[in-house]
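Protein chains: 2
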Amino acid sequence: MSRAPRLIYLPLGGAGEIGMNAYVYGYGQEDAERLILVDIGVTFPNMDTTPGVDLIFADISWLEERRDRLEAIFITHAHEDHVGALGHLWSRLKAPVYARPFTANHAARKMEEQGQDPAHVNVVQPWPERIKAGPFEVAFLPVSHSIPESSGLVIDTPAGRIVHTGDFKLDVTPVLGDPFDRVLWAEVAAAGVKVLTCDSTNIFSPNPGRSEASVGPAIRQLVERAGGMVVATTFASNIARLKTLAEAGRDAGRSVCLLGRAMRRMVEAGVQSGILTDFPKTISPEEAGDIPRDHLMLIVTGSQGERRAASAQLSRGKYMGLSLAEGDLFLFSSKTIPGNERDVLNIVNALSEMGVDVVDDDADLYHVSGHANRPDLAQIHQLMKPGVVVPMHGEHRHLREHVKLAAENGLNGILAPNGTLLDLTGAVPRVAGYVDTGRTYLDGTVQIGALDGVVRDRIRMALNGQVVVSVLIDEADEPMGEPWVEVNGLPEKGASRAPLSEVLEADLDQFLRRADDRTLADDDKLEEAMRRITRQIAQAEIGKRPEVKVIISRLSE
Amino acid sequence: MSRAPRLIYLPLGGAGEIGMNAYVYGYGQEDAERLILVDIGVTFPNMDTTPGVDLIFADISWLEERRDRLEAIFITHAHEDHVGALGHLWSRLKAPVYARPFTANHAARKMEEQGQDPAHVNVVQPWPERIKAGPFEVAFLPVSHSIPESSGLVIDTPAGRIVHTGDFKLDVTPVLGDPFDRVLWAEVAAAGVKVLTCDSTNIFSPNPGRSEASVGPAIRQLVERAGGMVVATTFASNIARLKTLAEAGRDAGRSVCLLGRAMRRMVEAGVQSGILTDFPKTISPEEAGDIPRDHLMLIVTGSQGERRAASAQLSRGKYMGLSLAEGDLFLFSSKTIPGNERDVLNIVNALSEMGVDVVDDDADLYHVSGHANRPDLAQIHQLMKPGVVVPMHGEHRHLREHVKLAAENGLNGILAPNGTLLDLTGAVPRVAGYVDTGRTYLDGTVQIGALDGVVRDRIRMALNGQVVVSVLIDEADEPMGEPWVEVNGLPEKGASRAPLSEVLEADLDQFLRRADDRTLADDDKLEEAMRRITRQIAQAEIGKRPEVKVIISRLSE
Numbered sequence: 001m002s003r004a005p006r007l008i009y010l011p012l013g014g015a016g017e018i019g020m021n022a023y024v025y026g027y028g029q030e031d032a033e034r035l036i037l038v039d040i041g042v043t044f045p046n047m048d049t050t051p052g053v054d055l056i057f058a059d060i061s062w063l064e065e066r067r068d069r070l071e072a073i074f075i076t077h078a079h080e081d082h083v084g085a086l087g088h089l090w091s092r093l094k095a096p097v098y099a100r101p102f103t104a105n106h107a108a109r110k111m112e113e114q115g116q117d118p119a120h121v122n123v124v125q126p127w128p129e130r131i132k133a134g135p136f137e138v139a140f141l142p143v144s145h146s147i148p149e150s151s152g153l154v155i156d157t158p159a160g161r162i163v164h165t166g167d168f169k170l171d172v173t174p175v176l177g178d179p180f181d182r183v184l185w186a187e188v189a190a191a192g193v194k195v196l197t198c199d200s201t202n203i204f205s206p207n208p209g210r211s212e213a214s215v216g217p218a219i220r221q222l223v224e225r226a227g228g229m230v231v232a233t234t235f236a237s238n239i240a241r242l243k244t245l246a247e248a249g250r251d252a253g254r255s256v257c258l259l260g261r262a263m264r265r266m267v268e269a270g271v272q273s274g275i276l277t278d279f280p281k282t283i284s285p286e287e288a289g290d291i292p293r294d295h296l297m298l299i300v301t302g303s304q305g306e307r308r309a310a311s312a313q314l315s316r317g318k319y320m321g322l323s324l325a326e327g328d329l330f331l332f333s334s335k336t337i338p339g340n341e342r343d344v345l346n347i348v349n350a351l352s353e354m355g356v357d358v359v360d361d362d363a364d365l366y367h368v369s370g371h372a373n374r375p376d377l378a379q380i381h382q383l384m385k386p387g388v389v390v391p392m393h394g395e396h397r398h399l400r401e402h403v404k405l406a407a408e409n410g411l412n413g414i415l416a417p418n419g420t421l422l423d424l425t426g427a428v429p430r431v432a433g434y435v436d437t438g439r440t441y442l443d444g445t446v447q448i449g450a451l452d453g454v455v456r457d458r459i460r461m462a463l464n465g466q467v468v469v470s471v472l473i474d475e476a477d478e479p480m481g482e483p484w485v486e487v488n489g490l491p492e493k494g495a496s497r498a499p500l501s502e503v504l505e506a507d508l509d510q511f512l513r514r515a516d517d518r519t520l521a522d523d524d525k526l527e528e529a530m531r532r533i534t535r536q537i538a539q540a541e542i543g544k545r546p547e548v549k550v551i552i553s554r555l556s557e
Numbered sequence: 001m002s003r004a005p006r007l008i009y010l011p012l013g014g015a016g017e018i019g020m021n022a023y024v025y026g027y028g029q030e031d032a033e034r035l036i037l038v039d040i041g042v043t044f045p046n047m048d049t050t051p052g053v054d055l056i057f058a059d060i061s062w063l064e065e066r067r068d069r070l071e072a073i074f075i076t077h078a079h080e081d082h083v084g085a086l087g088h089l090w091s092r093l094k095a096p097v098y099a100r101p102f103t104a105n106h107a108a109r110k111m112e113e114q115g116q117d118p119a120h121v122n123v124v125q126p127w128p129e130r131i132k133a134g135p136f137e138v139a140f141l142p143v144s145h146s147i148p149e150s151s152g153l154v155i156d157t158p159a160g161r162i163v164h165t166g167d168f169k170l171d172v173t174p175v176l177g178d179p180f181d182r183v184l185w186a187e188v189a190a191a192g193v194k195v196l197t198c199d200s201t202n203i204f205s206p207n208p209g210r211s212e213a214s215v216g217p218a219i220r221q222l223v224e225r226a227g228g229m230v231v232a233t234t235f236a237s238n239i240a241r242l243k244t245l246a247e248a249g250r251d252a253g254r255s256v257c258l259l260g261r262a263m264r265r266m267v268e269a270g271v272q273s274g275i276l277t278d279f280p281k282t283i284s285p286e287e288a289g290d291i292p293r294d295h296l297m298l299i300v301t302g303s304q305g306e307r308r309a310a311s312a313q314l315s316r317g318k319y320m321g322l323s324l325a326e327g328d329l330f331l332f333s334s335k336t337i338p339g340n341e342r343d344v345l346n347i348v349n350a351l352s353e354m355g356v357d358v359v360d361d362d363a364d365l366y367h368v369s370g371h372a373n374r375p376d377l378a379q380i381h382q383l384m385k386p387g388v389v390v391p392m393h394g395e396h397r398h399l400r401e402h403v404k405l406a407a408e409n410g411l412n413g414i415l416a417p418n419g420t421l422l423d424l425t426g427a428v429p430r431v432a433g434y435v436d437t438g439r440t441y442l443d444g445t446v447q448i449g450a451l452d453g454v455v456r457d458r459i460r461m462a463l464n465g466q467v468v469v470s471v472l473i474d475e476a477d478e479p480m481g482e483p484w485v486e487v488n489g490l491p492e493k494g495a496s497r498a499p500l501s502e503v504l505e506a507d508l509d510q511f512l513r514r515a516d517d518r519t520l521a522d523d524d525k526l527e528e529a530m531r532r533i534t535r536q537i538a539q540a541e542i543g544k545r546p547e548v549k550v551i552i553s554r555l556s557e
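Those protein sequence lines, which keep their order, are chains C and Z.
Under our numbering, the residue at position 294 of the first sequence is numbered 294, and the numbers go up by one with no gaps.
Under our numbering, the residue at position 359 of the second sequence is numbered 359, and the numbers go up by one with no gaps.
Misleading hints may appear alongside valid ones.
[Said to hold, decoys possible] Keeping only pairs whose Cα atoms sit at most 30 Å apart, straight-line, the calculated BS3-like set for lysine-lysine is:
#1 Lys335(C) x Lys404(Z)
#2 Lys493(Z) x Lys94(C)
#3 Lys318(Z) x Lys335(Z)
#4 Lys318(Z) x Lys404(C)
#5 Lys281(C) x Lys335(C)
#6 Lys335(Z) x Lys404(C)
#7 Lys385(Z) x Lys404(Z)
#8 Lys404(Z) x Lys318(C)
#9 Lys385(C) x Lys404(C)
#10 Lys335(Z) x Lys281(Z)
#11 Lys385(Z) x Lys335(C)
#12 Lys335(C) x Lys318(C)
#13 Lys132(C) x Lys194(C)
#14 Lys404(Z) x Lys493(Z)
#15 Lys281(Z) x Lys194(Z)
#16 Lys194(Z) x Lys404(Z)
#17 Lys493(C) x Lys94(Z)
#18 Lys94(Z) x Lys132(Z)
#19 Lys404(C) x Lys335(C)
#20 Lys194(C) x Lys404(C)
#21 Lys385(C) x Lys132(C)
#22 Lys132(Z) x Lys385(Z)
#23 Lys493(C) x Lys525(Z)
#24 Lys318(C) x Lys281(C)
#25 Lys493(Z) x Lys525(C)
#26 Lys132(C) x Lys94(C)
#27 Lys281(Z) x Lys318(Z)
It should be emphasised that the hints constitute simulated quantities derived from the structure, not laboratory data.
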């Protein structure tokens, strides 16, 4: 084992998906590095792979086992994929948390909601303020994104300076929050940047990104021309957009009402943390009910088609006493994240049935992304001139393409998906090892491992249906009465036109009458035989092989 | 009841989704109309709403009840959403089927696969050949689409001429199959068109559609420049595209191998029906294994990320002895249908991990749609000058927008989603009634109704997990031993750190010991109480309320 200290990087989440960001940096002798964690976010479940799961976190076991070496947790910004797991996982790490005021407001709430002391969240000011964390000195570098107070991190180490961009775009007119400040970033770069850990989300977007300010005029025009009620949805955390929408409503002589808890909470946090001072006056849903619809504008949650959010509820009927009608306008001031298309289109079709005109962002008029596009990333590469570019915040395809972009810019890029432990000490980075990573599911109130089999069992029941077989065996190992069969999630009748459960009961009864003593005396054998028969009969009757649960009750027990 | 005959239209499927097309026309006295059915297709299930389901059909109960009045079934083209349900539903309708040779080839196979006599499928030639079906005379009007031999239908009735477009685009250089023939369509229109029942799929695409021939040069260039193996995927039924891809491979000096059953079957059907005469020579997967990868091109199924298709299998490793390697090129010569994004991206990321370069159609270079865009639809409106435009083949949002387009063109459009019975007899169409429609699921080998609750139960098990409780009651209505609990798809342990099943068993045992005689003697009461307790305890332990199955075995029985 080497005695010389080393600088390491280990993504536990976020480098292999867009979500559940969790990046570890370490400095010190091998296996004795002092560590910091950047971000601790969530990913959202879906019916395909994680039915019934509430939230998904990165598996932090590696870090938990080394938590005595963890100096601090830094949160770059308040998006759920960066701060959402803090309250759930903090007790397994127990390190001080640092964030700027607006982000800290959310982080503290995340802690409180999970019964943790919000005092562990330290509110800090941006560069040039520095936080000392073991061998690291960390400063928050203001940057533009789609939520206020986003920050890159300037992480100074004995081996050199790391710039961890966080999520960012190069917006000099972001409406709200910090504009991209080229002079400041150049100042940071002047001392030399060893490592640029860089957002990869929009690497496949070939044109320069557009400013948040650019959507204002189009939204304003749309709202001005609308006849009935106007309803607009966007990401609740995009307070700049909420402001643009609300101002467009106000200026068109409309009363503005925010619908959806997440949205009201975001605006509150903006006001509390002092970054939101001039948001148009809003009215309550009750007040909105009394206002003529052509004088009303709702700004609502649920741009991704989330079933319980305001958009979906409005598409199904009344929400908070308000409902849409023919001639109203519904604006998606948002893009649809891959995987959410069907949910969003279900809303659009439901609105269509009501006679509501839906405007989405197909024409690129009413939404801009919060991430740097390919030419913007190239600009940052040039500005930072790092010794190495480490792409993060992307699926594998994004990271790989980002490495290519670095090469195009004459820079050294290295592909480091989740679990890749990089040694960044020398001039050339190298892969020093691989760490087992994965996903932790929050299921109800329990954290379970993605490989525990719990979710796999659910998926199997959903795909195959289930049969429960119950059989009673007496003290002499003889079956008592007929077996009892219950079918769950299966067609009632099959090929023989008799109820499947009755066909199964009859055939299992026949089997039991003929079964030899050894089988009847042995739970495992009996269970296995009855499962096999059940599946065979189901296959013949309904063309499916269901999951089978056999319950053997013995009087002797 | 009116004595005068009427002309009716009733979409049972396809007008409210893109899929499971099934359109009924009728002519005659009310409730005695003679009927024809145009198309009988499928929709594909998904994990969100239809886990475990194999295929989805329109509910044809209305037509089945009137099958003595059904004169014929016409199939416009061989896409699954137009012909896929024929074999499964034909025995419920038993009417002669008419299609052109290539389509009939598929239709006959669909019949055979489900044990029906393929002789019921009649092969017909296009316009001017006419098929007499009761009061109707029907001719197949060649039109361009993304599969050979697509046809509109010219349906002559005593009340006037209907043109049912089927799926179409205005492609005069379609590579394979019939080009759009403006003169022919004008000839059809010359006699006057009463009703234009029209494809709505691309109503939101603002620019004129591009020709199939336009993708050839870009594909050719891409394949010529590739270094390693080239793999291309597209819709198996798009034989023109297969030909373009195969020719690009051949001309770049590569041997071409088709992978995937659907693709080989389509090419075979093309050859058998005489429409495909000059497809480049292909080699078998075994032969492909011996060819240097820079001299090889695979054309494979699975452009939508289908898990069992060649693309997905190649992304996971070997398929038919072939596998991808760093430096290979993978081309998606296709678009991703909404809802399939995650499955497709999973493949892209898996290929990225292999070091394979993936090219998709983001830049609109390697794929064109098979449907008429908005300006193309406007052209057809103008050309046909129908008395009324009835939008079909679209979700509600498409149909509604298509009615707006008709109005822009000075035409009368009418919105008729599934179940809307239109009376088209007079100069102005009117809604004559609504028919209950819905979906039928093919589940294994059984057809079940969408509202039967079978799939709902599966979804509940997947979201909530399940607990099976088994209890034994003796002749005196006293519980024997402890209740037995099995948990399925639930975390093993919860708040009390003991196995959930043991916690449940202990608490249910306590309940049984204290339960009064009336409860113990009454299965319903006992079951309800045990279900309630189980859900309460699960909520406290793991924060979830699972599905509960209670099995009570009584010795007295």
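Verification of the supplied hints:
{"no.": "1", "hint": "Lys335(C) x Lys404(Z)", "in the structure": "25 Å, holds"}
{"no.": "2", "hint": "Lys493(Z) x Lys94(C)", "in the structure": "24 Å, holds"}
{"no.": "3", "hint": "Lys318(Z) x Lys335(Z)", "in the structure": "25 Å, holds"}
{"no.": "4", "hint": "Lys318(Z) x Lys404(C)", "in the structure": "27 Å, holds"}
{"no.": "5", "hint": "Lys281(C) x Lys335(C)", "in the structure": "27 Å, holds"}
{"no.": "6", "hint": "Lys335(Z) x Lys404(C)", "in the structure": "25 Å, holds"}
{"no.": "7", "hint": "Lys385(Z) x Lys404(Z)", "in the structure": "16 Å, holds"}
{"no.": "8", "hint": "Lys404(Z) x Lys318(C)", "in the structure": "27 Å, holds"}
{"no.": "9", "hint": "Lys385(C) x Lys404(C)", "in the structure": "16 Å, holds"}
{"no.": "10", "hint": "Lys335(Z) x Lys281(Z)", "in the structure": "27 Å, holds"}
{"no.": "11", "hint": "Lys385(Z) x Lys335(C)", "in the structure": "38 Å, violated"}
{"no.": "12", "hint": "Lys335(C) x Lys318(C)", "in the structure": "25 Å, holds"}
{"no.": "13", "hint": "Lys132(C) x Lys194(C)", "in the structure": "19 Å, holds"}
{"no.": "14", "hint": "Lys404(Z) x Lys493(Z)", "in the structure": "58 Å, violated"}
{"no.": "15", "hint": "Lys281(Z) x Lys194(Z)", "in the structure": "47 Å, violated"}
{"no.": "16", "hint": "Lys194(Z) x Lys404(Z)", "in the structure": "19 Å, holds"}
{"no.": "17", "hint": "Lys493(C) x Lys94(Z)", "in the structure": "24 Å, holds"}
{"no.": "18", "hint": "Lys94(Z) x Lys132(Z)", "in the structure": "17 Å, holds"}
{"no.": "19", "hint": "Lys404(C) x Lys335(C)", "in the structure": "26 Å, holds"}
{"no.": "20", "hint": "Lys194(C) x Lys404(C)", "in the structure": "19 Å, holds"}
{"no.": "21", "hint": "Lys385(C) x Lys132(C)", "in the structure": "25 Å, holds"}
{"no.": "22", "hint": "Lys132(Z) x Lys385(Z)", "in the structure": "25 Å, holds"}
{"no.": "23", "hint": "Lys493(C) x Lys525(Z)", "in the structure": "28 Å, holds"}
{"no.": "24", "hint": "Lys318(C) x Lys281(C)", "in the structure": "24 Å, holds"}
{"no.": "25", "hint": "Lys493(Z) x Lys525(C)", "in the structure": "28 Å, holds"}
{"no.": "26", "hint": "Lys132(C) x Lys94(C)", "in the structure": "17 Å, holds"}
{"no.": "27", "hint": "Lys281(Z) x Lys318(Z)", "in the structure": "24 Å, holds"}
The earlier numbered hints that this structure contradicts are 11, 14 and 15.
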